[in-house]
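J.: The primary structure of each chain is shown beneath.
Number of protein chains: 2
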Amino acid sequence: MPSDQTDLPTSADVFTAAQNIAGRIHRTPLIRSRQIDELCGANLWYKCEHLQKVGAFKARGASNALAQLPAETQMVATHSSGNHGAALAWAAAELGLACTVVMPETAPLAKRAAVAGYGAEIVICGPSQADREATLQKVVQQTGAHVVPPFDDRRIIAGQGTVALEIMQQCREQGFTPDIVIAPVGGGGLLAGIGLAVAALAPDVVVMGAEPAGADDAQRSLRGGVHITTPQAPDTIADGLRTTLGRRNYAVIKRTVRDILTVSERGIVEAMQLLWTRTKQLVEPSAAVGLAAVLEHGARFRNKNVAIVLTGGNMDLNRIADLFVDEEEIQ
Amino acid sequence: MPSDQTDLPTSADVFTAAQNIAGRIHRTPLIRSRQIDELCGANLWYKCEHLQKVGAFKARGASNALAQLPAETQMVATHSSGNHGAALAWAAAELGLACTVVMPETAPLAKRAAVAGYGAEIVICGPSQADREATLQKVVQQTGAHVVPPFDDRRIIAGQGTVALEIMQQCREQGFTPDIVIAPVGGGGLLAGIGLAVAALAPDVVVMGAEPAGADDAQRSLRGGVHITTPQAPDTIADGLRTTLGRRNYAVIKRTVRDILTVSERGIVEAMQLLWTRTKQLVEPSAAVGLAAVLEHGARFRNKNVAIVLTGGNMDLNRIADLFVDEEEIQ
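First to last, the protein sequences are chains A and B. Following my numbering, the numbering of the first sequence begins with 1 at its first residue and continues without gaps. Following my numbering, the numbering of the second sequence begins with 1001 at its first residue and continues without gaps.
One chain only, chain A, in its complex shape (with noise of 0.2 Å):
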């Protein structure tokens, strides 16, 4: 299927993309905590991608992927709930772009400060991916923007991946080498990119995905083997992974991740309040999916090296009451 192949993103493309974005993302800690290692029974490491430019990796992405736009482009258009806006809205400013984000009407206000804070114009839509899509396509029409999708792209599969490039350096330089890397998917941006990267530069090295169980299909499509693209309607705290299995991602992801688990809500709570209180980084719930799949799936762990990507650190805070009325009810 060569026009399925041709425009999969490379592990080349990944490190084409650390040269496209270096000087303009951070390169963000390498964090651990001793106290959650005791817990686990497993040495952690904590890649800090909330501490990201935008405050998650979804810098990475954008910024590559302006990196490379066709010439004289002048004007950007996504559509987003949360992040990847963010993070083209940013990428956009620091290059004098103009930059137009479909959101839909149910975005958190925090998303849509972020997004109006870089200088971004917002179109709100009505909640439905089709609702975001004809919304998108009627920006491009009457602006000839220029669109960045937020994860199926190879240009963005390729930047995300490079926070594995430095993982690799970054445990190199404390002396060792991860036997796990795990982070979380929703769309499969980040997790097909770091795929990518480990494939070439440490094979020996396993990749996982985590998920929520509400909202599985990326697991169902790899454990299948067959690309599941039913629009889910996915209830879970995660927000930033309740988007389907993208096409590249699910091709580039079936070759080079080992498997992908699942995660409860409880644990994801759970795994978000230890990183707060052990580690004081204050994390999204997605960010917490990697940590959340350590403690609920703890034999596959034990004794491990484990890479965790933090993802990314944007809520509302008055989500975060929320939350812990959650937690009272739980426990």
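Since the hints were made in silico from the structure, they are not lab data. Treat the hints loosely; a few may be bogus.
[To be verified] Every beta carbon over 10 Å from chain B, so not counted as near; a handful from chain A, in silico:
(1) 12
(2) 40
(3) 55
(4) 71
(5) 104
(6) 106
(7) 130
(8) 143
(9) 147
(10) 206
(11) 273
(12) 277
(13) 296
(14) 313
[Stated by the list, open to error] Partner residues are not named here, just some residues of chain B that face chain A (Cβ under 8 Å, in silico):
(15) 1050
(16) 1055
(17) 1276
(18) 1280
(19) 1282
(20) 1313
Yeah, the Cβ is synthetic: ideal placement off N, Cα and C, and Gly gets one too.
Since the structure of chain A is already known, use the hints to place chain B on it.
T.: Frame of chain A; chain B shown alone:
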């Protein structure tokens, strides 16, 4: 007054403390946020003592005190409702010493859990300062434990001052000199220690304290020139700053600290929210008091390089929810 002077800590004690505790505590990061800088019109650096051992700068003083115990001490004790108790419990466990912490029945469960988690014995007492001291006295009579006070102690002040040695070194590494170093003041161990360190290293750098307006005994003492020792019952969200300024602390602060600024409760919550959302660092209310002072006394900091000590990150997660109820009400 020789009896007053001879037990006062000196700048040399701070340098000795740094040697005493080297390798036992973390060299915490010095971070910044461009967004908060723009909001404040100043260049702000945050010293991350919430990432210190036990989640607070208190590990420095406790560690220094235990490095110079009387010969054959086998047991230490203190009274504390907060981070000093956890710090002493941790430092004692590191040295294999027994430790008893007298805690008021009103101490947060999270603090009790931390003290117990480090293996110390907890003796619960009534809520007043008199209750605490009487109970500690009983413990000492029964056990012969050596008392390590929370702040009014030469070794504690010198230990806390080591944070300023690191700040000055990290500023040099980053190629600038701070104009101002600002830290919260409760009992005054941290602020006095910083005053001693900066006086020796960089006497042109201004040291300032910050405290809640509802617990302003340090400001009144410093501005009035008379040490106010009346116990207060201050009503502030900054639970770490409810104590009254110590005798040695006052004596050092009046010689080394330029001024003490007060901040409102609303300002503390706003500063904490800014730190949470912009730096993704989960600091406790007391730790936000330095930034609150910059926000509320902007003219004194305009265009200045300011190092702000984030003192700790320990709080009941349930209290987070309560805080945001407060936030909703004040907005």
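J.: Could you work out which of the previously given hints the structure breaks and list their numbers from low to high?
T.: 3, 11, 12 and 14
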